[in-house]
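Engineer: What follows is each chain in one-letter form.
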Amino acid sequence: DAMVIQNPRYQVTQFGKPVTLSCSQTLNHNVMYWYQQKSSQAPKLLFHYYDKDFNNEADTPDNFQSRRPNTSFCFLDIRSPGLGDAAMYLCATSEGQEQETQYFGPGTRLLVL
Amino acid sequence: AQSVTQLGSHVSVSEGALVLLRCNYSSSVPPYLFWYVQYPNQGLQLLLKYTSAATLVKGINGFEAEFKKSETSFHLTKPSAHMSDAAEYFCAVSPTGGGNKLTFGTGTQLKVEL
Chain R
1 DAMVIQNPRY
11 QVTQFGKPVT
21 LSCSQTLNHN
31 VMYWYQQKSS
41 QAPKLLFHYY
51 DKDFNNEADT
61 PDNFQSRRPN
71 TSFCFLDIRS
81 PGLGDAAMYL
91 CATSEGQEQE
101 TQYFGPGTRL
111 LVL
Chain F
1 AQSVTQLGSH
11 VSVSEGALVL
21 LRCNYSSSVP
31 PYLFWYVQYP
41 NQGLQLLLKY
51 TSAATLVKGI
61 NGFEAEFKKS
71 ETSFHLTKPS
81 AHMSDAAEYF
91 CAVSPTGGGN
101 KLTFGTGTQL
111 KVEL
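One line per chain: the protein sequences are R and F, in this order. Here the first sequence is numbered in the working numbering, starting from 1 and rising by one per residue. Here the second sequence is numbered in the working numbering, starting from 1 and rising by one per residue.
Same shape as in the complex, but just chain F:
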């Protein structure tokens, strides 16, 4: 079964600092990978997704993620954090070869401080 692990349930950065949220996947074949963001009491919004095209994926709000097969990672980054980035971020995996079921990681709460 495929799974994702998000290291760090809470991450705190200063406004303007680099944001790095870690995600590692477990799969026998490279899966499709997603990052979603959830603001308080709201649904999930897609930030970006990897579907075996370019390994560096650019998303909304200045976020990007790089798929590294050798490290089985799909870390999310943003060069400069903004207060509005404070939210919970979920990495998710979907199997290749059919089906669209998402398996989510446990999430990382991002806090942005002045």
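Next comes chain R alone, as it looks inside the complex:
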């Protein structure tokens, strides 16, 4: 089945130690998104790629970066994780950018010690 895959499902890192979260998709969608969801809160969009075009949300901290080396893969890099970055990170894809359904992966839960 076509899907959005996130690895790992759980990630533990240390305060200040860089960490990378991975997302891949078999849907061949043009757009990939990263959301941050803190406990009992709504998902919040960090940034998205339309093909290779990167679009950062205005309030996304500089500590968060992303890479999309090809259509299938997208990475979220947290350069210096703080305790406040502990959250569920959700990857999503959509075929285009016009009111299209976003398909979500299962998420990676990040714990910062």
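If you are wondering where the hints come from, they were derived from the structure by calculation, not from laboratory data. Certain hints may be false.
As the list claims (entries may be wrong) - Subject to a maximum C-alpha distance of 25 Å in a straight line, what follows is the list of computed BS3-like cross-link-like pairs (lysine-lysine):
#, chain 1, residue 1, chain 2, residue 2
1, R, Lys44, R, Lys17
2, F, Lys101, R, Lys38
3, R, Lys38, R, Lys17
4, R, Lys52, F, Lys101
5, F, Lys58, F, Lys101
6, R, Lys38, F, Lys111
7, F, Lys68, F, Lys101
8, F, Lys58, F, Lys111
9, F, Lys68, F, Lys58
10, R, Lys44, F, Lys101
11, F, Lys101, F, Lys69
12, F, Lys58, F, Lys69
Unchecked claim - Just so you have them, the derived chain R footprint on chain F, three or more residues with Cβ under 8 Å:
#, stretch
13, 38-46
14, 105-113
The model shown is predicted, which means the values in this text are computed figures rather than measured ones. Positions of the beta carbon are idealized from the N, C-alpha and C atoms, including for glycine.
Once you've looked at the hints, dock chain F against the given chain R.
Structural biologist: Below, chain F alone, put in the same frame as chain R:
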């Protein structure tokens, strides 16, 4: 800026009872609206979406929602709750006229009791 408000962070119903989850939107023009469901430790799954076609939208798992412009609402309903419906439900809005960025409400946790 567009936003959605979900009234009631927790809703509890008996199995077999009507489910009603409320969502109101704020937008200068009718936006596109979505309902997503999230089961524990999982990603979000689309239940249904409104994109300016029929105002009554039917989704998966027996859910439906009605877009009411006069009330700026998009409430989610299901006639008869099932234990498997227990989850968190998010209403989301996407702007018309381009772009696909979702702004989510704060979510409603649905509990289904025997």
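Engineer: If a hint holds in the structure, say so; if it does not, say that too.
Structural biologist: Hint-by-hint comparison with the structure:
1. Lys44(R) <-> Lys17(R): holds, 23 Å
2. Lys101(F) <-> Lys38(R): Holds - the C-alpha atoms of lysine 38(R) and lysine 101(F) are around 19 Å apart, at most 25 Å.
3. Lys38(R) <-> Lys17(R): The given pair, whose Cα atoms are some 20 Å apart, holds under the 25 Å limit.
4. Lys52(R) <-> Lys101(F): holds, 17 Å
5. Lys58(F) <-> Lys101(F): At roughly 23 Å apart (the allowed maximum being 25 Å), lysine 101(F) and lysine 58(F) satisfy the hint.
6. Lys38(R) <-> Lys111(F): This hinted pair holds, its Cα atoms lying about 21 Å apart.
7. Lys68(F) <-> Lys101(F): Holds. Lysine 68(F) to lysine 101(F) sits at ~22 Å (cutoff 25 Å).
8. Lys58(F) <-> Lys111(F): holds, 22 Å
9. Lys68(F) <-> Lys58(F): Roughly 15 Å separates the two Cα atoms, so the pair holds.
10. Lys44(R) <-> Lys101(F): At roughly 10 Å apart (the allowed maximum being 25 Å), lysine 101(F) and lysine 44(R) satisfy the hint.
11. Lys101(F) <-> Lys69(F): Distance ~21 Å between lysine 101(F) and lysine 69(F) Cα, so the pair holds.
12. Lys58(F) <-> Lys69(F): holds, 18 Å
13. 38-46: holds (count 6)
14. 105-113: With 3 residues closer than 8 Å to chain R, the stretch 105-113 of chain F meets the three-residue bar; holds.
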